[in-house]
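Participant: Quick mapping for you: the protein sequence lines, in order, are chains D and H.
First residue of the first sequence: 1, per our numbering; consecutive thereafter.
First residue of the second sequence: 1, per our numbering; consecutive thereafter.
To be clear, the hints were calculated from the coordinates, so they are not data collected in a lab.
In this text the structure is predicted, and so the values were computed from the model without any measurement.
Keep in mind that the hints are not guaranteed to be accurate.
[Stated by the list, open to error] Listed next, with one range per pair, are the computed distances between beta-carbon atoms: (1) A269/D - R67/H: 53 to 63 Å; (2) R276/H - H34/D: 54 to 64 Å; (3) Q271/H - G78/D: 22 to 32 Å; (4) H34/D - G41/H: 50 to 60 Å.
Just so you know, even glycine gets a beta-carbon here, dropped at the ideal spot from N, CA and C.
2 protein chains.
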Amino acid sequence: MPMDLALGVEDKMRAALPDLTRAERQVATHILRHYPVAALGSITALARAAEVSTPTVVRLCQKLGYRGYPDYQSALRGEVEAMLESPLVKHDRWAGGAPDTHILNRFADAVVANLQATFSQIDHADFDQVAGLLADPSRRIFAMGGRITHAHADYLVSLMKVVRPEVTLLSDMSNTWPPALLDMTPGDVLVAFDIRRYENSVLQLVELAVEQGAEVVVITDRWVSPAAAHARHTLTAHIEAPSAWDSTVSILVLVETLLAAVQSRTWDATQERMTRLETLYDRSRFFRRHR
Amino acid sequence: MPMDLALGVEDKMRAALPDLTRAERQVATHILRHYPVAALGSITALARAAEVSTPTVVRLCQKLGYRGYPDYQSALRGEVEAMLESPLVKHDRWAGGAPDTHILNRFADAVVANLQATFSQIDHADFDQVAGLLADPSRRIFAMGGRITHAHADYLVSLMKVVRPEVTLLSDMSNTWPPALLDMTPGDVLVAFDIRRYENSVLQLVELAVEQGAEVVVITDRWVSPAAAHARHTLTAHIEAPSAWDSTVSILVLVETLLAAVQSRTWDATQERMTRLETLYDRSRFFRRHR
DNA sequence: TGCTTTCCGAAATGATTGTAACAGAAATTG
DNA sequence: CAATTTCTGTTACAATCATTTCGGAAAGCA
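Make a model of the complete structure from these sequences and hints.
Facilitator: Here it is in structure tokens:
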């Protein structure tokens with residue numbers, strides 16, 4: 001009994017590829033190259049696009065084990081449905097049987113939805129401006145987060161420090177603020193993370209920073225932190241999750257994308273800096289070489 | 001001049017929904033409910049599934065601004081192509097025109113690919129066991145990360161502390177270890193984050209913890225940290241990114257999913273704990289109420 | 001080279017599709 | 001309640017589609 005029935009259409013085609021004739025393979029590779037949209041239309045269109053005759057397409061379908069082109073096509077539509085339904089976790093469809101109930105899959109779905117919502121909403125120009133601010137060596141960078149987002153501020157700072165100097169993490173202990181604020185001059189940049197429930201400490205620091213003439217970038221959720229009122233730029237992220245808390249994944253993605261953008265803008269300076277850092281780390285014997 | 005031409009098919013349908021007749025709306029909602037696969041087949045199949053006549057479908061298509069069903073369908077196929085090509089960034093197709101070259105989109109694509117790879121590879125049973133360990137109130141939890149992953153360990157600890165007691169972050173300053181190790185008894189759990197380049201300090205701590213009889217969970221990248229050799233459980237994540245560094249997004253997703261799993265396992269105890277924490281925060285006036 | 005086998009597309013055919021025209025039903029209006 | 005408009009399905013028909021048939025081209029073999 002052939003196992004093919006359980007396989008996806010794509011795999012089946014790939015597997016059959018060696019046993020096909022020249023024209024048939026021409027069709028198959030064309031479909032695979034534009035999978036699966038190429039085979040969603042009529043057989044005529046597909047044949048013309050693949051530069052073969054329609055009977056060839058029919059023969060291919062039958063060779064793959066389908067009754068004809070419509071049969072093949074409906075199998076393909078089923079595949080499309082599966083691909084579209086959940087971008088991730090396509091593998092668990094057969095393993096679990098039940099509609100994805102495992103927390104891993106539910107969470108993954110939520111995360112992807114958040115990313116989708118977040119990224120379709122971000123204004124590219126705005127993002128670029130923020131990246132420009134952070135890449136400007138004449139500005140000092142400060143970052144702070146709330147109870148939950150403190151880790152993200154930490155992450156931003158520790159990686160940004162590799163790219164450029166003058167990056168400071170402001171802890172949420174407010175006694176560390178005054179000295180930092182003392183150094184803050186007009187043009188400096190404060191990146192403030194604040195998601196619900198919005199914290200007074202963040203708002204206060206933002207207000208103080210604005211008074212010092214700093215450019216404030218607020219990264220918040222879609223209900224928008226009150227601190228955003230004072231901010232020059234606001235980046236909003238979607239954070240819904242099937243749990244008691246929110247998911248800050250899209251915030252991390254924003255941070256990493258900002259880092260990548262800054263790094264690419266300052267590549268010359270960064271590169272030299274990074275290699276220097278590497279040798280320092282090597283010499284301090286903290287790292288083990290990856291074989 | 002109607003802006004409809006630039007809109008996606010789905011949006012267009014939703015927008016037109018109020019202006020449709022009963023039978024037309026029946027078709028439209030059916031399509032939207034099973035979007036877009038329902039309308040990828042023949043008009044006859046669609047009409048039967050939506051329980052209307054075929055001319056109704058035709059009239060709907062024309063009302064939406066298409067010349068007929070085939071025209072509508074080909075527009076739909078274009079949409080499918082876009083959806084499949086990149087799960088995110090559906091919005092930039094018309095804004096940019098050029099093939100998505102903006103760092104936001106490239107990064108988003110990479111992240112989704114990482115999530116896909118990570119989640120299709122995780123063993124659910126293994127994951128559940130880790131969640132079980134972390135949810136066990138009789139075990140103490142310790143966490144540590146490397147230079148980059150320190151923020152993730154921090155995040156795990158600060159949120160886990162809400163759910164349960166006895167959670168400790170081990171900083172990467174090794175002078176904080178001995179007192180922690182002193183408390184570590186057989187059965188306790190150490191969660192160690194270690195991605196390339198793998199750090200000696202993590203490896204050392206893991207070895208020490210194993211000697212104390214602790215259960216070690218290593219969260220690493222797909223090249224697998226040497227520390228994993230000593231671990232009871234290993235969760236691997238994909239971290240490739242279009243930048244000079246890696247993207248730790250999938251690691252954060254793992255962390256958050258673990259948190260969600262633990263929280264749902266200990267919901268009774270957690271809930272009481274969380275409400276207590278809320279009142280404490282309220283009383284300390286650190287937060288501003290979200291209106 | 002001749003013979004066979006395999007492969008491929010033009011042509012023919014039946015089936016299905018998508019659409020226009022029409023007519024009855026339903027809703028709306030005066 | 002009749003008149004009118006709007007909506008919807010049945011019917012009919014042209015267009016397209018998918019498939020089978022068949023002849024010739026290409027490749028393999030003696």
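Participant: With reference to the structure, classify each hint as holding or not holding.
Facilitator: Against the structure, the hints come out as follows:
In this structure the hint that A269/D and R67/H lie 53 to 63 Å apart at CB holds, the actual value being about 56 Å. Hint check: R276/H to H34/D, Cβ distance near 57 Å, so the stated range 54 to 64 Å holds. A hinted range of 22 to 32 Å for the beta carbons of Q271/H and G78/D is inconsistent with their spacing of about 42 Å. One distance hint, 50 to 60 Å for the beta-carbon pair H34/D and G41/H, is violated here, with the actual separation near 19 Å.
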